[in-house]
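Chains as they are written, first to last, in the numbering used here: chain A, 5 to 118; chain B, 18 to 131.
There may be inaccurate statements among the hints.
Unchecked claim - Mimicking DSBU-like on lysine-lysine, the simulated pairs with C-alpha atoms at most 30 Å apart in a straight line are:
(1) B:Lys75 to B:Lys85
(2) B:Lys86 to A:Lys13
(3) B:Lys66 to B:Lys85
(4) B:Lys66 to A:Lys13
(5) B:Lys86 to B:Lys66
(6) B:Lys59 to B:Lys75
(7) A:Lys13 to B:Lys85
(8) A:Lys61 to B:Lys66
(9) B:Lys86 to B:Lys75
(10) A:Lys13 to A:Lys61
(11) A:Lys61 to B:Lys86
Note that these hints are calculated values from the structure, not bench results.
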Amino acid sequence: DSGVTQTPKHLITATGQRVTLRCSPRSGDLSVYWYQQSLDQGLQFLIQYYNGEERAKGNILERFSAQQFPDLHSELNLSSLELGDSALYFCASSFRSKGNNEQFFGPGTRLTVL
Amino acid sequence: AQSVTQLDSHVSVSEGTPVLLRCNYSSSYSPSLFWYVQHPNKGLQLLLKYTSAATLVKGINGFEAEFKKSETSFHLTKPSAHMSDAAEYFCVVSGLLSYGKLTFGQGTILTVHP
Numbered sequence: 005d006s007g008v009t010q011t012p013k014h015l016i017t018a019t020g021q022r023v024t025l026r027c028s029p030r031s032g033d034l035s036v037y038w039y040q041q042s043l044d045q046g047l048q049f050l051i052q053y054y055n056g057e058e059r060a061k062g063n064i065l066e067r068f069s070a071q072q073f074p075d076l077h078s079e080l081n082l083s084s085l086e087l088g089d090s091a092l093y094f095c096a097s098s099f100r101s102k103g104n105n106e107q108f109f110g111p112g113t114r115l116t117v118l
Numbered sequence: 018a019q020s021v022t023q024l025d026s027h028v029s030v031s032e033g034t035p036v037l038l039r040c041n042y043s044s045s046y047s048p049s050l051f052w053y054v055q056h057p058n059k060g061l062q063l064l065l066k067y068t069s070a071a072t073l074v075k076g077i078n079g080f081e082a083e084f085k086k087s088e089t090s091f092h093l094t095k096p097s098a099h100m101s102d103a104a105e106y107f108c109v110v111s112g113l114l115s116y117g118k119l120t121f122g123q124g125t126i127l128t129v130h131p
């Protein structure tokens, strides 16, 4: 158990809908990262927050947004869902925001868009 | 820019024989390198990390990796495979000077035969 929690574990929804994925980092970690794992794209970095502020953006679609709240939990919002958004979404956390700090991953949320 | 290439998409070994999973990296700056493992329907677990200290890094469960700058490689090895090692392994790079974005290789699926 990494100490990172993600809810829900599974999510099934329809095209055009909007969903929210939630992540609670390990106790004491200030940075939260979101990753998407799909069969065709592999594991890709989406976005990073550090202590409530956005720090880095990766291949995140404009239909997707995220935020980190004062209690450091984070939410990833996915809207106007398409079939291709079906994937495993991981949250990770670390203490620092830069460099060589290892990241601890949650169990993931499996999103299925029908 | 940074990237990793995992040279084998699948590796198959017999229980008790050595394991070698190959990884080459590319990074503009001194990289941090990691190996993560993902068991079926599980999250990602850190096996080991290299952060410019010793070039031979020991990780959990008997795994180790050697950083070779001249070859830009970071291969993962284990002297004797166990059935429980069957999983997908990811070689990962992060730049020391960049925010904590992790760049993942495409993964190597390790199969262990009895």
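- Does the structure keep Lys59 of chain B and Lys75 of chain B at a Cα separation of 30 Å or less? holds (23 Å)
- Message: Check whether the Cα positions of Lys61 of chain A and Lys86 of chain B lie no farther apart than 30 Å.
- Response: Within the cut-off at roughly 28 Å; holds.
- Query: Quick one, are Lys61 of chain A and Lys66 of chain B close enough, alpha carbons at most 30 Å?
  - Reply: Since the Cα atoms of Lys61 of chain A and Lys66 of chain B sit roughly 23 Å apart, the hinted pair holds (cutoff 30 Å).
- Straight-line Cα separation of Lys66 of chain B and Lys13 of chain A no greater than 30 Å? holds (28 Å)
- Message: Run the distance test for Lys13 of chain A versus Lys61 of chain A: straight-line Cα separation, threshold 30 Å.
- Response: Since the Cα atoms of Lys13 of chain A and Lys61 of chain A sit roughly 24 Å apart, the hinted pair holds (cutoff 30 Å).
- Compare the distance between the alpha carbons of Lys86 of chain B and Lys66 of chain B with 30 Å, and conclude whether the hinted pair is satisfied. Status holds; Cα separation ~15 Å.
- Pair hint outcome, Lys86 of chain B versus Lys13 of chain A [Cα-Cα no greater than 30 Å]: Violated: Lys86 of chain B and Lys13 of chain A sit about 40 Å apart, past 30 Å.
- Given pair status - Lys85 of chain B, Lys66 of chain B, alpha carbons within 30 Å: Holds, at about 14 Å.
- Message: Given the hinted pair Lys13 of chain A and Lys85 of chain B, is their Cα-Cα distance within 30 Å?
- Response: violated (39 Å)
- Item | Proposed proximity, Lys85 of chain B with Lys75 of chain B (alpha carbon, max 30 Å) | holds (15 Å)
- Message: Just to be careful, I want the Cα atoms of Lys86 of chain B and Lys75 of chain B compared with a cutoff of 30 Å; is the pair within it?
- Response: Judged against 30 Å, a Cα distance of about 17 Å means the pair holds.
Comparing the model with each numbered hint stated earlier shows that hints 2 and 7 do not hold.
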